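Residue strings, one per chain:
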Amino acid sequence: MIELKHLTKKFGSFTAVDDVSLSIPAGEFFGFLGPNGAGKTTTIKMMTGLFTPTDGQIIINGFDVVHQPMEAKSTFGYIPDHPYMYDKLTGREFIYYMGGLYRMEKEKLKESVEQVIDLLELASWIDKKTEDYSQGMRQRVTFASAFVHNPKNIIIDEPMVGLDPRSARIVKDTLKRRSKEGVSIFMSTHILEMAEELCDRIAIINKAKIIFLDTKENLNVHKVHYDGNLESVFLELTKEPYSE
Amino acid sequence: MFWKVSLKQDVGTAMKNVGSFIVFGSFAVGAFYFSNFVTAYLLDNVKIGLFLFHRFVGMFLFIFFVTINLGNMVVSFSTLYRSPEVDFLLSNPVSYRNIFVIKFLDNFFYSSGTLFLVGFSVLLGYGVHFSLPWHFYPLAMAGVMIPFMFLAACMAVIVLLLVMKLASKINFKVLIGAIVIFYVFQVYLYFRVSNPIHMVEEVMKYYPHVDLYFGSLDPGSVKLLPNFWVSEFLYFYVTKNFVAVGGYVFLLVLSTAALFVFTLVLGNALFYSTWITSLSLKSMSVKKLTMKSSFFSFRKKSFFVPQTEVLLKKEFWQFVREPSQWIHFVVMFALLAVFLSSVSTLNIKLQSPELKAVVYLVVFIFNIFLINSIALRFGFPLISLEGNAYWTLKSTPISAHKFYWTKFFVATIFLVCLSIVISWLSNIPYLYARSVEGIFPGMKSVETPHVAVRTLAYFSILVTPVITLTLTSMNYGLGSVYANFAEKNPIRIASSQGATMTFLLTLVYLVLLLAVYLYPATAMFVNEARGTAIDWRVLQITFLIITIPSLIIIGCVHLLGLRSLRRDF
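Taken in order, these protein sequences are the chains called A and B.
Counting along the first sequence from 1, when you hit position 125 you're at 125 in our numbering, and nothing is skipped either side.
Counting along the second sequence from 1, when you hit position 563 you're at 563 in our numbering, and nothing is skipped either side.
To be clear, the hints were calculated from the coordinates, so they are not data collected in a lab.
Predicted, not measured: the structure shown is a model, and the values here were computed from it.
Glycine included, each C-beta is placed from N, C-alpha and C at the ideal position.
Mixed in with the good hints there might be a few duds.
Partial chain B-side listing against chain A, Cβ under 10 Å, derived [what the hints assert, rightly or not]:
{"no.": "1", "residue": "L311"}
{"no.": "2", "residue": "A389"}
{"no.": "3", "residue": "I398"}
Next comes chain A alone, as it looks inside the complex (with noise of 0.2 Å):
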């Protein structure tokens, strides 16, 4: 469950989130979209902690990440849109790492490390040094990273970069089942096709204001009233007003 209470980030006099609420309970796949620039990443660099809100309150599976940070990082798994990892560790050492850092036990860590490793098909390639990898084998292993603990939330930034079709559909069929089995799922995207696909609830952010908030079963009635797809109807949202 991810509650966020009239969210807001300001950089000096610019703000870059303005009293953005929202809820996701627990199992529900969240689609957050919006152009260059609205507050998508502002908003999720807030909720991991990489970002301190200038007022608001954010709260994941009933903790307070600015007050209670280290219970509610320990219940999301995060992708965040550039997956920057240390160069000289192997995918498969950085899994470890993290998995280390939610504090996993040796055994179960061994254990939910293969298992992602066969899940996202990395096995041919783990053992080399993440500097010689590619951007979708980066966004693999960090998708591996953030699965490895099992957390009960999770936050994704920009989850389909340089992935190849192969890879984007064994991400797609994981997100969805881990969805099924009650995860909370945060997902920040360009790509319409996929928020369409993928999730239960889609919300639109411009210019760091929540101007969208629905259901796909009544994005699909709103849909109606364009020529029938997300698309024109994003568009039409988020278009620069016309100024002489």
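Assemble the complex: chain A is given as a structure, and chain B must be docked to it using the hints.
Okay, now just chain B, sitting in the frame of chain A:
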């Protein structure tokens, strides 16, 4: 709004610049007074004479030359062969000749900016002592110091190009080993040939007439070295032999120009082909790494809690798999071993307690300086080296305190142990009895250090860990304050503006330490000379003067370091 934001940024930038200016300015003033004081103290109080003084300057310049040379070599390897910027430039219509020249000059000026400032301040302190005319300074800087430093940089790049050329035929690790052995041997040979102890003993035979020119004592091979030319330039300027001054300036400028031209020719001929070689070296390192056999394997269970365990293992692998880290470490360690093997057998027959105290303090402060250099090079970049992967620590349930202290203790335990070993080895001549030549040939006698001298040695071994802890804290804590997660190269992190500021602050601490240590060191050697009892209060007060401010500094830098981890990433 734009104007408001710009104004805020300008004020922030201006504040930072003013802060930097104050620190750099204060340091320049401090370096001036320090150099002025040391010159006056050695010449007027200890009366070692102009010749011996300039030979010490020459030895200091030799270490300086080797340091610049090695520093430039390691930085050049990273910037010429492992830099994404070079990859990018080579994919554009920029000739590799231009890339080589630009990166070479960039390296030199990037890593030498502070050294110019320090060099000038030191020259000023020196010149003021001798009341030298204004034209000494531009001539000494442009005609001597800058060519001297540039010469070291050119030599570094020449060696690097040749090593990279050979790397296509000889194993790279073997080549690195050969380079390390070569440099260690070079330093060893220099001190063996120049034999400072012998020189001091020979010159002191003429005491108090030590202001004569004892050039006949200089070994012939040492005269071929640029550090000798610089020290001779200074000596002859002070003694107003301007023909010799002109000769040495000409020699330095000509040698530097010739070597620069040679560097350009060699760069033109070898840079691109060696860059291609560096790619194949990189691809050769792409291999599967097994985790099973190693003690530091992530699979193996340890007695640490999981978070501590993975942090320690990650630090270990990042260090041993990064060539710019372990190569630099091996080189520094080898030079340290040479230095320690020399000082642990130091046997200078001096009569004056003041001169004995000066020799003791020089060795003591050089030990501390070495520890500080290692702390700066390896401790300062520790937080920055988390790099863009820092998100893993910010987004997982590990507290900033735990992560901060775990990394700090790794560095501290190593440096404190090292400092104790260094301190003990360098104090061996002051701690243990040894046999010395007797009056008659073949006769040997046992000489036991006086109790006051032994006490001073034990005292130094006791305070060294406190000093090391302070220096490690300053470098690590301020490394956190000035963390730059975008820079991957540890050498560039350790020579960034923040690192330079930290270095200057640690030097201020070292100078104050030296000032505090001067009195007890002299007092103990006076006790030895006069056979008087030790005044324990001197040592107790010295201990408190060192420890209390050190603890305050440690507390302050760690508070700042931890606070900086709260920043948005």
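Here is how each hint holds up against the structure:
1. L311: 8 Å, holds
2. A389: Constraint on A389/B satisfied, holds at 5 Å.
3. I398: 5 Å, holds
Comparing the model with each numbered hint stated earlier shows that all of them hold.
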